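Q: Sequence:
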Amino acid sequence: MKAIIKTSLVLLASLSISCSGWLDVEPKTEVKSDIMFESESGFKDAIVGCYILMSNSSMYGRELTTGFLDVIAQQYSIDQNGGDYYRIKNFEYDKAETIINNIWSQAYTTIANLNNILENIENKENILHPTHYNIIKGEALGLRAFLHFELLRMFGWGDVENQKKACIPYVKSYNKEITKQNTGEEVLQYIHKDLEEASVLLEKYDPWSTAKRDESYILPNDDKFYTNRMTRFNYWALQATLARVYMWEGNREKALSIVQNFINNRSQIKNLDWIKDQTINNEAEIERDLTFSTEHIFRLDVHKLYDGLRDLIDPDYNSPNPNYKLLFHTSEYAQELFEIADHVGNSDYRYTRLYTKTSSKYGIRKFYDMEKYKYPNMMPLIRMSEMYYMGAECLNQQGKTKDAVGLLNTVRRNRGIAEDKMIPEGITSKDLTKEIEKEWKKEFLGEGQMFYFYKRLGYTKLPNSSQLINEKVYVLPMPEDEINVGGREPNSSTDEKK
Numbered sequence: 001m002k003a004i005i006k007t008s009l010v011l012l013a014s015l016s017i018s019c020s021g022w023l024d025v026e027p028k029t030e031v032k033s034d035i036m037f038e039s040e041s042g043f044k045d046a047i048v049g050c051y052i053l054m055s056n057s058s059m060y061g062r063e064l065t066t067g068f069l070d071v072i073a074q075q076y077s078i079d080q081n082g083g084d085y086y087r088i089k090n091f092e093y094d095k096a097e098t099i100i101n102n103i104w105s106q107a108y109t110t111i112a113n114l115n116n117i118l119e120n121i122e123n124k125e126n127i128l129h130p131t132h133y134n135i136i137k138g139e140a141l142g143l144r145a146f147l148h149f150e151l152l153r154m155f156g157w158g159d160v161e162n163q164k165k166a167c168i169p170y171v172k173s174y175n176k177e178i179t180k181q182n183t184g185e186e187v188l189q190y191i192h193k194d195l196e197e198a199s200v201l202l203e204k205y206d207p208w209s210t211a212k213r214d215e216s217y218i219l220p221n222d223d224k225f226y227t228n229r230m231t232r233f234n235y236w237a238l239q240a241t242l243a244r245v246y247m248w249e250g251n252r253e254k255a256l257s258i259v260q261n262f263i264n265n266r267s268q269i270k271n272l273d274w275i276k277d278q279t280i281n282n283e284a285e286i287e288r289d290l291t292f293s294t295e296h297i298f299r300l301d302v303h304k305l306y307d308g309l310r311d312l313i314d315p316d317y318n319s320p321n322p323n324y325k326l327l328f329h330t331s332e333y334a335q336e337l338f339e340i341a342d343h344v345g346n347s348d349y350r351y352t353r354l355y356t357k358t359s360s361k362y363g364i365r366k367f368y369d370m371e372k373y374k375y376p377n378m379m380p381l382i383r384m385s386e387m388y389y390m391g392a393e394c395l396n397q398q399g400k401t402k403d404a405v406g407l408l409n410t411v412r413r414n415r416g417i418a419e420d421k422m423i424p425e426g427i428t429s430k431d432l433t434k435e436i437e438k439e440w441k442k443e444f445l446g447e448g449q450m451f452y453f454y455k456r457l458g459y460t461k462l463p464n465s466s467q468l469i470n471e472k473v474y475v476l477p478m479p480e481d482e483i484n485v486g487g488r489e490p491n492s493s494t495d496e497k498k
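Here the sequence shown is numbered in the numbering used here, starting from 1 and rising by one per residue.
No lab work stands behind these hints: they were computed from the structure.
Remember, it's a predicted structure, so these values are computed and weren't measured experimentally.
Note that beta-carbon positions come from the ideal geometry of N, C-alpha and C, so glycine has one too.
Watch out, some of these pointers could steer you wrong.
[Said to hold, decoys possible] BS3-like cross-link-like pairs, simulated, lysine-lysine; straight-line CA separation at most 30 Å:
| hint | residue 1 | residue 2 |
| --- | --- | --- |
| 1 | Lys204 | Lys254 |
| 2 | Lys357 | Lys374 |
| 3 | Lys438 | Lys472 |
| 4 | Lys224 | Lys304 |
| 5 | Lys430 | Lys441 |
| 6 | Lys461 | Lys438 |
[Unchecked claim] Restraint-style ranges between C-beta atoms, simulated for each label pair:
| hint | residue 1 | residue 2 | range |
| --- | --- | --- | --- |
| 7 | Met422 | Ala166 | 26 to 32 Å |
| 8 | Asp79 | Thr460 | 33 to 39 Å |
| 9 | Gln397 | Leu468 | 41 to 47 Å |
| 10 | Lys95 | Ala166 | 25 to 31 Å |
| 11 | Asp403 | Ser466 | 19 to 25 Å |
| 12 | Glu125 | Asn221 | 17 to 23 Å |
| 13 | Gly426 | Ser319 | 14 to 20 Å |
| 14 | Gly458 | Asp277 | 46 to 52 Å |
| 15 | Asp277 | Ser257 | 31 to 37 Å |
| 16 | Asp79 | Met370 | 23 to 29 Å |
| 17 | Asp316 | Val200 | 46 to 52 Å |
| 18 | Leu219 | Thr460 | 46 to 52 Å |
| 19 | Met370 | Asp431 | 38 to 44 Å |
Just need the whole structure built from these sequences, with the hints factored in.
A: Here you go:
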């Protein structure tokens, strides 16, 4: 990639709003922006197209979830014959240069598409229903903030002292001018601004918002555009993102306020609830909801997700030859993580249902597909459980250990863990911190969250790794072309050597 501002915009037209309709379209089907944005359907197609870009294997279809990010977070064991991922696990980022460059490029390409929507939606109230105008604009603003925050968490510093250094560019316009590099402090300010503006729009118009409606409110949904709100950046996805931002900034008080508001309103959010019992006898495999989809606050429907991950998660991939690319847990590690010796995890759905177990290697079953399976292609980006985990961390930090235990046990109870194995209310704050980390590792396996968790909390050593961790690991190297062609300041010592 030459510099992010030179990335061309891809706009797909003449598409149905359904995910399958989008995904069947060849990339060559392109139209000019002025034609795309002459109708409501054009705006709908454009915003859905951004989610499809995000589902690319360079992003949440692989590398920002099950692949690269979880590999460097030491979430798996990898065979020494496993190729680049084995070396990437040891933080040899020169082996991940293409992966990292593609993450950067695909993220900014998606941002360019969002900016084109935002620039074209102004003064289009005459062709857009007010609900369409406000929700599409709110989603575009919210996603722009969401993606910049993801980039900040990868390519920026996690500590307060470095927030005044040059970081990533926050791109807010669609043109050929090179956007200047912003400091981490400036990026966070822009994120807050976009989220604040999007929140006003979505709170009033998003069907998932629990705010009181005006009498004039109408939700035009004959084409099912607003069905399954968890598949798009909805009001509560925005609130959860804002809570993440506050946690990153160390403002746990504001993060906790958002979490408590979510918990208080959760029962009013349509189709959002804890997963049903996964231990039903004789339940057919096609009925098993392996990603706990009823708990997704925000997810992507990724076309042929299993096919894109199979080499990483299926022990039988490449059979009859060994699958050296498999990302796995050893049986010993899995039993330790889920506390099988103490009978804690014996009934935990995450242990009993989400592994493909061989004698020595446990593959990650979460994203499997099978004939007539009812829940395929789902990649969660924000879960209900994360809100409870963030709340537990905030309360524990405030010394309200009993309340923190209550939130953590709510999730554990809904994972099938027996009542007599709940975390005791009298646990020390230090031990509860360990339990919170353990729950994160169980819950988000294959979803790319642990790298951010460790970086935010400043871990100097990661589980399953003997190496000391510093900015060379936590700050991903900026693509070389961004420095040589785009004129960026290097963001790490790795970049400076190029």
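Q: Could you tell me which of the numbered hints above are not met by this structure, giving the numbers in increasing order?
A: Violated hints (numbers, rising): 7, 8, 9, 11, 13 and 14; every other hint is consistent with the structure.
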